[in-house]
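S.K.: Heads up: the protein sequence lines correspond to chains S and G, in order.
The first sequence begins at 1 in this note's numbering and counts up one residue at a time.
The second sequence begins at 1 in this note's numbering and counts up one residue at a time.
Since the hints were derived computationally from the structure, they do not count as laboratory data.
Everything numeric in this text was worked out from a predicted model, so none of it was measured.
A virtual CB, placed ideally from N, CA and C, is assigned to each residue, including glycine.
Mixed in with the good hints there might be a few duds.
What the hints assert, rightly or not - Rough simulated footprint, nothing fancy, chain S against chain G, three-plus residues with beta-carbon under 8 Å: (1) 64 to 72; (2) 113 to 124; (3) 145 to 158; (4) 175 to 183; (5) 216 to 230.
Unchecked claim - From chain S, some residues computed to sit far from chain G (all C-beta separations above 12 Å): (6) THR106; (7) ASP108; (8) THR145; (9) THR182; (10) GLY228; (11) THR230; (12) ARG233; (13) ALA264.
To be verified - Not the full set, but computed from the structure, chain S residues with beta-carbon under 10 Å of chain G: (14) ASP29; (15) GLY30; (16) PRO34; (17) GLY42; (18) PRO55; (19) LEU57; (20) GLN58; (21) SER94.
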Amino acid sequence: MARGAGWCSNQGVDSTDEGSGGPFGRAVDGEGAPVGRRVLLGTLALGAAGLAAAPYLQRGMERGLGAVAGKDPTGLTGLLPNGGGFRYYSVVSSVPEKGPEDYRLTVDGLVERPADYSLAELRALPQTRLVRDVQCVTGWRVPGTPFTGVRLSRLLDAAGVRSEATAVRFTCFDGAYSESLTLEQARRADVLVALELRDEPLGHDHGGPARLYVAPMYFYKSAKWLSGITLTRGVRRGYWEERGYDVDAWVGRSNGRDDAPTVA
Amino acid sequence: MPPPSPEPHAAHGAHVSHGAHVPYDARGPHGELPRDVRRFTPGERAVHWATAVLMGVCVATAACLYLPQFAQLVGRRALLVTVHEWSGLLLPVPFLCGLASRAFRADLRLLNRFGPHDRAWLASALARGRQRAREAGKFNAGQKVWAAWIAGAVLVMTGTGLLMWSTGPAPLVWRTAATFVHDWLALAVGVVLVGHVWLAANDPESRRGMRTGRVARAWARREHPLWRPPSEDFDPDAEENGGQSGGRDGQDAEASARPHH
Chain S
1 MARGAGWCSN QGVDSTDEGS GGPFGRAVDG EGAPVGRRVL LGTLALGAAG
51 LAAAPYLQRG MERGLGAVAG KDPTGLTGLL PNGGGFRYYS VVSSVPEKGP
101 EDYRLTVDGL VERPADYSLA ELRALPQTRL VRDVQCVTGW RVPGTPFTGV
151 RLSRLLDAAG VRSEATAVRF TCFDGAYSES LTLEQARRAD VLVALELRDE
201 PLGHDHGGPA RLYVAPMYFY KSAKWLSGIT LTRGVRRGYW EERGYDVDAW
251 VGRSNGRDDA PTVA
Chain G
1 MPPPSPEPHA AHGAHVSHGA HVPYDARGPH GELPRDVRRF TPGERAVHWA
51 TAVLMGVCVA TAACLYLPQF AQLVGRRALL VTVHEWSGLL LPVPFLCGLA
101 SRAFRADLRL LNRFGPHDRA WLASALARGR QRAREAGKFN AGQKVWAAWI
151 AGAVLVMTGT GLLMWSTGPA PLVWRTAATF VHDWLALAVG VVLVGHVWLA
201 ANDPESRRGM RTGRVARAWA RREHPLWRPP SEDFDPDAEE NGGQSGGRDG
251 QDAEASARPH H
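Bound-form chain S, shown alone (with noise of 0.2 Å):
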């Protein structure tokens, strides 16, 4: 069979076969243009074209879709790939929900003070507000949105850092997350353990009652389910760490990725 043959051609069709007795009585079975093979070869070069131009594309896509999805009132857009706003992630089953009743956030470890808060007496403390973007590690990001909360180098201050310390670890009240700073970072005034997102309580889906808020990292360091602060003597790998991620997560430095830095 001629492999150059047009696929519409009848060139080459056996007209052994004893006929269809349709309008195309001498087609066989299984003979023809390989056009299979073209379709999958061109969909295999259409995926190859697709990265190549992705940068391109995806720019072109998130400004687009960004500009529906704020007048989209089904919410549909949200749920196509770059069609912006949070996505929810979380690494155990079911996470117990806590409010001002039985919240508790500790700090502990290498400090003077160890210290015991209840959401009404984090709520208390001055509070910072920080409107960054939130850029995750797999690729979402959410432009100019407003954290407020107690600078975490207040509640280490309060705490009394003994010089042994050089890092601090977090843990959280799903039961198995954890998270991880050194010293130096979690003193940064753009480091929050936060109450509120967008000037409201932050709910159970995004961390609430409180969860950490590291600006200029990715959002995997923010995080969520805040219930303790434990300061070390090096830093201890935290849960996506222990899986590959990069420890030290800064936006656009970090994890093979070049998005454009949440803080300046």
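We have chain S; now place chain G onto it with these hints.
M.R.: Positioned in the frame of chain S, the structure of chain G alone reads:
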């Protein structure tokens, strides 16, 4: 996945070891043709259903990783990621195993080749023509396009998935690009899969073909008039599997009178 039913001819495998094999020896006592014809061997059906299960796992885990509603319901992100990665990586394996089957390879050839009737079929389908001029061999043109496209799409998904998997210092502009292609192609695959299942849901006889391997002769004549079903107890795979019952010819009715050995 239903367990593959036994080979239809296995029960009377003893009488096929004669030198020459006469086609249509499954005719009834009065020479009538059996009501059913065989469409898929157990091996082919195993390839289909193993692929379907892996694809189902891929889609389900993808939904739980990607759609906020399911993500909130299920959580367990690390486990889902692992299951998704491995089911995706294994997705081409049933196909590769299927290449050991002669029947499967023969069907791949039928799927690959487009005759003039296929072009007419596609034109009719695209025009939503009701003129019923839809000639088809064992597979119609829609099934051929579907098979070729989903094969290509699975390979692209596997490739981009592997690029996304590496968190190491891979050329990681690539990883972002791979994520982009993977996400959008996943959406397309999802839509097309729904179409596949929808069409199957509307054609019970077609489903029976993939479930039991057999379809009604009348259905085959109507839906696939150009298809020449194999004679009743020809087993294309038995030849390769060797053994006493092997060596039978008969892919084409004309050829099956050829003596063996």
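S.K.: Which constraints among the numbered hints does this structure fail? Numbers only, ascending.
M.R.: No numbers; nothing is violated.
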